[in-house]
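Please take these sequences and the hints and turn them into a complete structure.
Listed in order, the protein sequences are those of chains A and B. Position one of the first sequence corresponds to residue 1 (our numbering), numbered consecutively onward. Position one of the second sequence corresponds to residue 1 (our numbering), numbered consecutively onward.
Treat the hints as calculated values from the structure; they're not laboratory data. Quick caveat, the model's predicted, so the values are computed rather than measured. One thing to keep in mind: the hints can contain errors.
[What the hints assert, rightly or not] Each pair of labels, with its calculated beta carbon distance range: (1) G392(A) x N161(B): 44 to 50 Å; (2) D181(A) x E353(B): 55 to 61 Å; (3) P65(A) x R350(B): 34 to 40 Å.
[To be verified] Straight line, CA to CA, 27 Å or less: simulated DSS-like cross-link-like pairs of lysine-lysine: (4) K121(B) x K431(A); (5) K336(B) x K154(A); (6) K22(A) x K232(A); (7) K431(A) x K338(B); (8) K154(A) x K118(A); (9) K154(A) x K351(B); (10) K192(A) x K349(B); (11) K118(A) x K349(B); (12) K351(B) x K192(A); (13) K43(A) x K22(A); (14) K222(B) x K431(A); (15) K17(A) x K121(B); (16) K324(B) x K433(A); (17) K338(B) x K154(A); (18) K335(B) x K431(A); (19) K349(B) x K154(A); (20) K154(A) x K192(A); (21) K232(A) x K222(B); (22) K339(B) x K349(B); (23) K351(B) x K120(A); (24) K118(A) x K222(B); (25) K349(B) x K120(A); (26) K154(A) x K339(B); (27) K335(B) x K154(A).
No residue lacks a Cβ here, since even glycine has one placed at the ideal position from N, Cα and C.
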Amino acid sequence: MKVPTFRGGIHPDQNKKLTSGKKIEIMPVPDVLYLPLSMHWNKPCSPVVKPGETVKMGQLIADSPEPIPVPIHSPVSGKVLRMEDHESVSGGKKPCIVIQNDHQDTPDPSVVPLPDWKSKTSEELIDFVRSKGLVGMGGAAFPTHFKLRSVMGKLDTLIINAAECEPYLTCDHRVLLERYDRLILGMLVLMKILNQDHAYLAFEENKIECEEPILRFLEKNGITGIETVILKNKYPQGYEKQLVKVITGREIPSGGLPGDVGCAIFNTQTTAVIGNAIMTGMPLTERIVTVSGDAIASPKNLLVRLGTPLSAVVEACGGFQKDPACLICGGPMMGSPEYSLDAVVVKATSGIVAMSEVPDRPNYESTCIRCGKCVGVCPMHLEPVFLNLYAGQRDYEALMRYHLRDCMECGSCAYICPAHIPLVETFRIAKAKLPRTAPAPAKPEKKKKGGLFGGRS
Amino acid sequence: MEDRKKLLLVGTSPHMLTDDNTRSIMLDVLIAMAPALAAGTYFFGFRVLVMTVFSAAACVAFEFLWQLLMKKRSSIGDLSAVVTGVLLVFVLPASVPYWMVLVGDFFAIVVVKQLFGGLGKNFMNPALAGRVFLSGWATLLNTYPLPSTDPGYVKLPVFGNIPMTNGVPDAVTGATPLVAMKGGALPDQGILELFLGMKGGCVGEVSAALLLLGGIYLLVRKVITIRIPAGFLLTFGLLSLLFPPAGVPAFQWMLTSLLTGGVILGAVFMATDYSTSPVGPGAQWVFAAGCGLLTFVIRRFGAYNEGVAYSILIMNSTVWLLDKYIRPRRFGSGKKVKKEAEAIMAEIKRKNEGGEAL
Numbered sequence: 001m002k003v004p005t006f007r008g009g010i011h012p013d014q015n016k017k018l019t020s021g022k023k024i025e026i027m028p029v030p031d032v033l034y035l036p037l038s039m040h041w042n043k044p045c046s047p048v049v050k051p052g053e054t055v056k057m058g059q060l061i062a063d064s065p066e067p068i069p070v071p072i073h074s075p076v077s078g079k080v081l082r083m084e085d086h087e088s089v090s091g092g093k094k095p096c097i098v099i100q101n102d103h104q105d106t107p108d109p110s111v112v113p114l115p116d117w118k119s120k121t122s123e124e125l126i127d128f129v130r131s132k133g134l135v136g137m138g139g140a141a142f143p144t145h146f147k148l149r150s151v152m153g154k155l156d157t158l159i160i161n162a163a164e165c166e167p168y169l170t171c172d173h174r175v176l177l178e179r180y181d182r183l184i185l186g187m188l189v190l191m192k193i194l195n196q197d198h199a200y201l202a203f204e205e206n207k208i209e210c211e212e213p214i215l216r217f218l219e220k221n222g223i224t225g226i227e228t229v230i231l232k233n234k235y236p237q238g239y240e241k242q243l244v245k246v247i248t249g250r251e252i253p254s255g256g257l258p259g260d261v262g263c264a265i266f267n268t269q270t271t272a273v274i275g276n277a278i279m280t281g282m283p284l285t286e287r288i289v290t291v292s293g294d295a296i297a298s299p300k301n302l303l304v305r306l307g308t309p310l311s312a313v314v315e316a317c318g319g320f321q322k323d324p325a326c327l328i329c330g331g332p333m334m335g336s337p338e339y340s341l342d343a344v345v346v347k348a349t350s351g352i353v354a355m356s357e358v359p360d361r362p363n364y365e366s367t368c369i370r371c372g373k374c375v376g377v378c379p380m381h382l383e384p385v386f387l388n389l390y391a392g393q394r395d396y397e398a399l400m401r402y403h404l405r406d407c408m409e410c411g412s413c414a415y416i417c418p419a420h421i422p423l424v425e426t427f428r429i430a431k432a433k434l435p436r437t438a439p440a441p442a443k444p445e446k447k448k449k450g451g452l453f454g455g456r457s
Numbered sequence: 001m002e003d004r005k006k007l008l009l010v011g012t013s014p015h016m017l018t019d020d021n022t023r024s025i026m027l028d029v030l031i032a033m034a035p036a037l038a039a040g041t042y043f044f045g046f047r048v049l050v051m052t053v054f055s056a057a058a059c060v061a062f063e064f065l066w067q068l069l070m071k072k073r074s075s076i077g078d079l080s081a082v083v084t085g086v087l088l089v090f091v092l093p094a095s096v097p098y099w100m101v102l103v104g105d106f107f108a109i110v111v112v113k114q115l116f117g118g119l120g121k122n123f124m125n126p127a128l129a130g131r132v133f134l135s136g137w138a139t140l141l142n143t144y145p146l147p148s149t150d151p152g153y154v155k156l157p158v159f160g161n162i163p164m165t166n167g168v169p170d171a172v173t174g175a176t177p178l179v180a181m182k183g184g185a186l187p188d189q190g191i192l193e194l195f196l197g198m199k200g201g202c203v204g205e206v207s208a209a210l211l212l213l214g215g216i217y218l219l220v221r222k223v224i225t226i227r228i229p230a231g232f233l234l235t236f237g238l239l240s241l242l243f244p245p246a247g248v249p250a251f252q253w254m255l256t257s258l259l260t261g262g263v264i265l266g267a268v269f270m271a272t273d274y275s276t277s278p279v280g281p282g283a284q285w286v287f288a289a290g291c292g293l294l295t296f297v298i299r300r301f302g303a304y305n306e307g308v309a310y311s312i313l314i315m316n317s318t319v320w321l322l323d324k325y326i327r328p329r330r331f332g333s334g335k336k337v338k339k340e341a342e343a344i345m346a347e348i349k350r351k352n353e354g355g356e357a358l
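Structural data, given as structure tokens:
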């Protein structure tokens with residue numbers, strides 16, 4: 001089905017043509033891999049292997065007794081060299097397990113398919129999902145098993161999010177085109193776990209070519225209950241609140257999650273990896289990464305083993321053709337800038353975008369001309385113009401009244417601002433200083449100062 | 001430092017930025033005003049063009065000197081002073097002396113704009129405030145030369161002042177359509193003549209056709225949204241349609257009202273001024289409707305023939321109030337949303353307990 005769009009949002013240059021037509025290439029695996037002990041949201045794991053130990057591909061190398069974290073598996077067979085603090089994406093050195101690759105890719109005995117998944121219970125399947133190290137691979141890296149447990153029995157709408165509204169990124173596009181068998185198997189598993197007989201597969205119009213092969217596949221295999229949803233091309237169409245709104249018409253209450261209106265959303269690659277794990281038994285040890293940007297000589301969609309340094313990934317794409325001014329992990333709207341090519345690909349690295357130019361923001365305090373464009377594009381319908389004003393005045397009470405907390409930092413306002421004011425940066429700093437209390441009552445200033453004309457707003 | 005080129009910059013997201021900037025927006029406004037300026041030059045002579053350049057230069061000079069004096073970073077590069085300069089000439093008759101333009105420019109830039117903090121901080125439209133300030137010279141301001149399409153047209157001197165007798169310019173002047181309309185009658189000109197601009201009036205307001213062309217350009221370039229012009233014109237048009245003077249066909253009266261005076265100039269270029277209009281969509285509609293309503297009231301019941309400038313200035317002063325109280329509904333806010341969410345969850349719970357397959 002086709003759905004209308006949400007109010008707000010922007011249309012940045014998509015730049016997806018650079019890679020959308022490029023087939024997924026398997027990247028040569030480097031000799032040494034660095035696996036951070038935390039590739040998920042929540043506490044890091046502890047290693048279960050020791051330096052010097054041999055490991056096989058898919059073998060468990062780190063786990064945690066806590067309920068939320070997910071285990072980590074070796075992407076290659078070889079030897080554990082050492083534990084070391086290594087450059088990690090989004091800044092800083094973090095503890096890693098360093099593995100020497102023997103280039104044999106000998107699979108671990110635990111890597112076995114699960115052909116009889118249909119006879120398993122939801123509980124068993126959730127444990128399976130956890131044991132395969134699955135997290136949300138769109139960027140948040142939220143542990144999948146934990147999400148499944150928290151929504152189980154409380155939903156009536158299952159959505160697979162292949163919107164991929166970030167510019168440049170095409171990895172989900174390629175999954176829809178080349179790995180839809182695994183994706184659909186993954187969807188069926190999720191439907192089974194969550195006891196749903198229906199699921200949406202939602203993607204933007206720019207991926208319309210993917211629809212036909214998928215529909216044909218569904219028909220050929222007699223699969224019912226999976227419905228494709230064509231979304232409008234717009235950023236941030238893939239955000240859960242906007243996605244739920246356009247597909248179901250339901251509005252997630254402020255501060256809430258999709259689960260608050262009976263919805264659950266899963267990432268495309270996460271779902272495809274679940275399917276892959278059922279088919280082959282292989283845990284999450286590799287992912288598809290879009291390597292793009294005008295500084296990259298030959299932009300590609302690469303299948304990369306986790307723990308591969310960015311420098312090797314860039315090398316596999318012909319290196320830099322221009323001096324990169326910045327290198328972003330994820331998409332350019334929300335992704336994190338990297339300062340070191342030693343950082344490694346992790347479970348949530350959807351893209352590596354190297355651009356030869358960075359946004360030219362003024363080095364003086366730029367003047368807001370009150371054009372109101374930020375108000376028009378804010379998908380949360382906030383007023384960034386006033387948030388910026390009060391953040392500048394350090395008026396945290398006013399920021400609460402203007403609901404800074406509802407800002408999800410999508411960057412639409414900062415993108416559209418003709419004065420090039422770094423709105424998101426300002427909001428991030430101000431958010432950290434907001435009082436840790438519940439949102440203030442609706443209009444507290446009214447009583448205090450009395451009447452329509454009392455005090456400044 | 002040699003390796004500096006190889007260092008990666010770590011900035012905050014988003015890492016992409018629109019190509020627009022303040023300067024490009026102002027440039028778009030200038031481009032949008034060009035057709036109306038051409039019309040003014042065609043109807044009132046070359047003096048208009050020279051006066052416009054003079055006014056723009058004066059505004060830039062005032063802004064530059066003020067910021068120099070106040071030791072502030074010069075902002076003349078953003079072209080906003082140029083826009084003010086052009087707009088001020090747009091709302092003056094072609095026959096005003098140059099010194100008056102200079103006084104208006106000074107008031108607009110220094111008093112209205114800079115004294116309140118400069119671009120984006122002023123609460124009144126500088127060009128309109130400049131014009132209203134010049135009301136002290138009422139005779140000069142209310143003498144409108146005839147357009148070049150009129151048989152009585154007299155060419156205005158390009159430079160220098162127009163010779164005056166007893167304080168009234170000698171150039172042959174005529175009553176604008178608004179004078180006839182104040183008396184509750186239709187003007188001599190037909191709808192098409194009014195639409196094209198064959199009438200007396202201020203420099204930039206005469207050609208409705210070319211003003212609308214500029215407005216379309218601004219809409220296409222997304223410099224403005226449809227809200228303010230549409231709200232203004234619809235409100236004013238509707239009131240004119242509903243309450244025409246006795247004995248005048250209502251529809252013709254509405255069209256004539258819309259096409260005369262500064263309504264379209266005001267709706268497209270003045271009321272849409274960023275600094276002096278609300279930022280929220282709802283507040284913008286109310287603001288625009290207020291402009292339309294006040295224009296109608298002043299024209300019909302007030303002492304003046306025209307009320308666009310006063311209406312917009314009055315509404316300018318309400319912007320802070322509109323921004324404060326007419327705010328967009330935040331996504332996910334409100335009791336209705338909460339109730340709906342609760343209803344959905346209760347329904348799911350009921351189904352699950354009933355053992356129904358979902």
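We went through each hint and held it up to the structure:
1. Remark: the range hint 44 to 50 Å for G392(A) to N161(B) is upheld by a beta-carbon distance near 47 Å.
2. For the pair D181(A) and E353(B), the beta carbons lie near 36 Å from each other, so the given range of 55 to 61 Å is not met.
3. A beta carbon spacing of about 37 Å between P65(A) and R350(B) agrees with the range 34 to 40 Å that was offered as a hint.
4. Distance restraint check for K121(B) and K431(A): the Cα-Cα separation of roughly 26 Å lies within the 27 Å cut-off, and the hinted pair is therefore satisfied.
5. Among the hinted pairs, K336(B) with K154(A) is consistent with the structure: their alpha-carbon atoms are about 21 Å apart, no more than 27 Å.
6. For the hint linking K22(A) to K232(A), the alpha-carbon distance of about 23 Å falls within 27 Å, and the restraint holds.
7. Using a Cα cut-off of 27 Å, the hinted pair K431(A) and K338(B) holds, with the two alpha carbons roughly 24 Å apart.
8. Of the supplied pair hints, the one linking K154(A) and K118(A) holds, its CA atoms being roughly 21 Å apart against a limit of 27 Å.
9. Note on K154(A) and K351(B): the hinted pairing holds, with a Cα-Cα distance of about 10 Å set against a maximum of 27 Å.
10. Restraint check for K192(A) and K349(B): satisfied, since their Cα atoms lie roughly 18 Å apart, inside the 27 Å limit.
11. Between K118(A) and K349(B), the direct Cα distance comes to roughly 25 Å. Compliance with the 27 Å bound is thereby established for this hinted pair.
12. Restraint check for K351(B) and K192(A): satisfied, since their Cα atoms lie roughly 17 Å apart, inside the 27 Å limit.
13. Annotation: proposed proximity of K43(A) to K22(A) is violated, straight-line Cα distance about 36 Å (limit 27 Å).
14. Restraint check: the Cα-Cα separation between K222(B) and K431(A) comes to about 31 Å, which exceeds 27 Å; the hinted pair is violated.
15. Restraint check: the Cα-Cα separation between K17(A) and K121(B) comes to about 42 Å, which exceeds 27 Å; the hinted pair is violated.
16. Distance check on the hinted pair: K324(B) and K433(A) sit about 24 Å apart at the alpha-carbon level, within 27 Å; holds.
17. For a cut-off of 27 Å, the pair hint linking K338(B) to K154(A) stands: about 16 Å separates their Cα positions.
18. Distance restraint check for K335(B) and K431(A): the Cα-Cα separation of roughly 25 Å lies within the 27 Å cut-off, and the hinted pair is therefore satisfied.
19. Our distance criterion of 27 Å between C-alpha atoms is met by K349(B) and K154(A), whose separation comes to about 7 Å.
20. Under the criterion of a C-alpha separation no larger than 27 Å, the hint pairing K154(A) with K192(A) is consistent with the structure, at around 14 Å.
21. A threshold of 27 Å between alpha carbons decides the hint, and for K232(A) with K222(B) the separation of about 20 Å falls inside it, so the pair holds.
22. Distance restraint check for K339(B) and K349(B): the Cα-Cα separation of roughly 15 Å lies within the 27 Å cut-off, and the hinted pair is therefore satisfied.
23. In summary, the hint linking K351(B) to K120(A) is supported, as the alpha carbons are separated by about 23 Å, within the 27 Å threshold.
24. Note on K118(A) and K222(B): the hinted pairing is violated, with a Cα-Cα distance of about 54 Å set against a maximum of 27 Å.
25. Taking the CA atoms of K349(B) and K120(A), the gap is near 24 Å; set against the 27 Å cutoff, the hint holds.
26. Of the supplied pair hints, the one linking K154(A) and K339(B) holds, its CA atoms being roughly 17 Å apart against a limit of 27 Å.
27. Distance check on the hinted pair: K335(B) and K154(A) sit about 22 Å apart at the alpha-carbon level, within 27 Å; holds.
Hints 2, 13, 14, 15 and 24, counting from the list given before, are not met by this structure.
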